[in-house]
Structure formats: C-alpha cells, structure tokens
Amino acid sequence: MNVLFEWKDSLLTGLDSVDQQHHRLVDLINGLAASLVDGHTPDHEHLTVAHAALLDYTQTHFADEERLMAEFDLDPRHVTYHRSQHDFFVQQLTLLPLQGDDASTQTTLRFLVGWLSHHILGLDQSLARQVMAIRGGADASSSFLAEATRRKQDSDPLLEAINVMFKVVSERNQELLRTNQLLEQRVAERTAELTRANQHLQLLAVNDELTGLPNRRFAISMLAELWQGLQRNNGFVAVLMLDADKFKQVNDHHGHATGDALLRKLALQLRQAVRGSDIVCRLGGDEFLVVCPRCDRAGAIQVAEKILESATPHRTENGNIFWDGCMSIGVAMLSAEMAQPEDLLLAADKALYRAKRNGGHRIECA
Numbered sequence: 001m002n003v004l005f006e007w008k009d010s011l012l013t014g015l016d017s018v019d020q021q022h023h024r025l026v027d028l029i030n031g032l033a034a035s036l037v038d039g040h041t042p043d044h045e046h047l048t049v050a051h052a053a054l055l056d057y058t059q060t061h062f063a064d065e066e067r068l069m070a071e072f073d074l075d076p077r078h079v080t081y082h083r084s085q086h087d088f089f090v091q092q093l094t095l096l097p098l099q100g101d102d103a104s105t106q107t108t109l110r111f112l113v114g115w116l117s118h119h120i121l122g123l124d125q126s127l128a129r130q131v132m133a134i135r136g137g138a139d140a141s142s143s144f145l146a147e148a149t150r151r152k153q154d155s156d157p158l159l160e161a162i163n164v165m166f167k168v169v170s171e172r173n174q175e176l177l178r179t180n181q182l183l184e185q186r187v188a189e190r191t192a193e194l195t196r197a198n199q200h201l202q203l204l205a206v207n208d209e210l211t212g213l214p215n216r217r218f219a220i221s222m223l224a225e226l227w228q229g230l231q232r233n234n235g236f237v238a239v240l241m242l243d244a245d246k247f248k249q250v251n252d253h254h255g256h257a258t259g260d261a262l263l264r265k266l267a268l269q270l271r272q273a274v275r276g277s278d279i280v281c282r283l284g285g286d287e288f289l290v291v292c293p294r295c296d297r298a299g300a301i302q303v304a305e306k307i308l309e310s311a312t313p314h315r316t317e318n319g320n321i322f323w324d325g326c327m328s329i330g331v332a333m334l335s336a337e338m339a340q341p342e343d344l345l346l347a348a349d350k351a352l353y354r355a356k357r358n359g360g361h362r363i364e365c366a
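Residue 1 is where the sequence shown starts when you use the working numbering, and the numbers rise one by one after that.
The set of hints was computed from the structure by calculation and includes no laboratory data. Heads up, the beta-carbon is just placed ideally off N, CA and C, and yes, glycines get one too. Check the hints yourself; a few may be wrong.
Said to hold, decoys possible - Computed Cβ-Cβ distance ranges for the label pairs, DEER-style:
| hint | residue 1 | residue 2 | range |
| --- | --- | --- | --- |
| 1 | 185 | 284 | 26 to 32 Å |
| 2 | 142 | 84 | 20 to 26 Å |
| 3 | 9 | 185 | 46 to 52 Å |
| 4 | 194 | 268 | 51 to 57 Å |
| 5 | 45 | 189 | 29 to 35 Å |
| 6 | 71 | 6 | 41 to 47 Å |
| 7 | 71 | 193 | 54 to 60 Å |
| 8 | 70 | 194 | 48 to 54 Å |
| 9 | 77 | 189 | 53 to 59 Å |
| 10 | 45 | 67 | 31 to 37 Å |
To be verified - With a Cα cut of at most 30 Å, we get these calculated BS3-like pairs of lysine-lysine:
| hint | residue 1 | residue 2 |
| --- | --- | --- |
| 11 | 246 | 265 |
| 12 | 356 | 248 |
| 13 | 306 | 265 |
| 14 | 350 | 246 |
| 15 | 248 | 306 |
| 16 | 350 | 265 |
| 17 | 246 | 356 |
| 18 | 248 | 265 |
| 19 | 350 | 306 |
| 20 | 306 | 246 |
All chains should be modelled from the sequences, with the hints used to inform the complete structure.
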C-alpha cells in the first residue's frame, strides 16, 4: 500500500518525545488515508473510528508540546502562536468531510498533508531549535528573535508553498463549514415550517374551521374510543344533538356572513352552558353535538335545559332581532341494543327531528 506521508529522518526535530509522537501521527494519518482510498467504498464506522483516533492522539500530542513549552519557558509570542495553531487544527479536523466521495477525499487528504508538513517541518522544528538554544544557555526572547531572523534568511520555498496550500485548504474548510451551517439552518427552518403546517393540517382534520369546535370526524372517533369501555363496564354516556331553529332564514334574509357570525356565537354559548367534562362539536351547518361522558338521562336533560335557557335572541346593529334564540335538542343514551357509535348518533338525530316537528325550541329524548 502506498503511504500518504512517508516518515524520514529529515523530519526529526531532535526532541525524542516529540519525534515519537510525530511518527505516531504520521501512522494514524496514513491509516485514515488508506481507509479513504483503498479501492472500495469505505465503511463509515471504520472512517469514524480512524478519525476519532487521530483527533484523540493529536490532542494528546498538543498537550505534551504545550507542557514542553512551559517547561522551557519559551517566549510568550511563540507559545501564543503555537497554541493558536493547535486549536485551529483541532477545529479543522472536526470539520473534515468523511463521506468517502472523490471531492471529500481530495479535500481531506490535501488538508492532512498540508498540516503535517506545516506542523512538523515548520512549527515544531522552530519549537525544537528554541528549546535547544535555551538548553545551551540562551534566554527565551533572544531564542525567539533568532528563530524569526533565521526564518527570514533561510526561507524554504517548498515549505512556503506547503504553508500556502495549507492556508488555502483551511479556508476552503471554513467555506464548507459556513455552507453546511447555512444548509443546516435552512433545513431546520424548513423542518419547523413543515411541523407547523402538519400541526395545522392535523388541527383542520379534527376541528371545524369556522367555530374552532371539534368536528364530526373527531366526534365519531372519540365515541369509538369510548364505546368498548362503556359497553364493557356498563358506563353512562349521553349525546345531545341540536340545531338553531329557523337558521336558514338568517342566511336567506341577512346573508351568510351574519349566519357565520351567529354560529360562532352559538359555539361560544354552548361551551359556556355545558359541564366541564362535556365536549361540544359542530357536525355541519347549524347542527351541533354535545357528548356527555358519565351522564345519565336526568343529567343529560339538565344539560339540555341549561342550553335552552342560555339561548337568547340575537340582534342586528340597529337593534332588530334576526334570530329568536330558539333551539331544538334531541337526547339519546347508550343502550345495550346499540352496536356502534353511529347508532347513538342516529337515536339522537331522530329525537331532534321529533323536537323540530313538534314546534321546536324543546327537548325530546330517544
């Protein structure tokens, strides 16, 4: 297998612990590179493990170098720059793409080669020379200045080219990071929009848009959930089906906008008139349903009477009555003969029909 970065004696700094760690870093980077270019689609888990091992060992190496700089009390200007390069590499390494596609592979390999060259041939060689100078009796400041002068006089064109490449690839990583962050932000915003839209659709599916009350679908679904438990435990449940008498005349004489406003007011009045455990639904048109859990016949009639008492005439802006407040109510109780929730609704509907046929504004029980 061809290695990405070949270890040579020319890479030695003269600091044994640093050189040993450099050799290990080269091996780890070559291992990661082999995972990316071994001729078949790389296993994501293997790439992740290799990447994590490199990141972990790099941080260990950096910590040891920083202890070495502290031990020899290197010039703060070098220490500050050296640490900033450590932090920068860790940040960049966490951003490297590991998808295994050609573009990502090239970006990753260029960065790793550039960094190893920059770190070993440049930064750590400078560190080693300053340590050697201090060991020889020089002070930290003069060692730093001597190193700066040496770099100006002995500028290595190859190293400068490598440093430029490293800078370009690093800047490209930053661009990719900004692009990814922007994409993630847009995905998050789009996901939030979709979540809100789905919640709205779910609400529309079970709620009446005009009144905000649960709709027929919700009423039948809720009764179906209650049904088995109620029959098994001989529980009580009553339903009240009601509508506004002469509502069609409101639409015909005053317009649908007035009719819609009346329905919204009726929805509010119904919610205020029933018990806290009762559920008011709009079935359609001017027809409403009240589901009364744990309610016997007497309790259901009491709820219906309170609804009739709360229904008052409605007036136009100039004070004329456009609806007299009359309502018809059909009451039905769950019985053993009923096989499904629709049977309970049908019984209440028949009772409502009788109430209207008998003159309206009255209660009839199934």
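Of the numbered hints stated earlier in the document, which are not met by this structure?
Going through the list in order, the structure violates hints 1, 4, 6 and 9 and respects the others.
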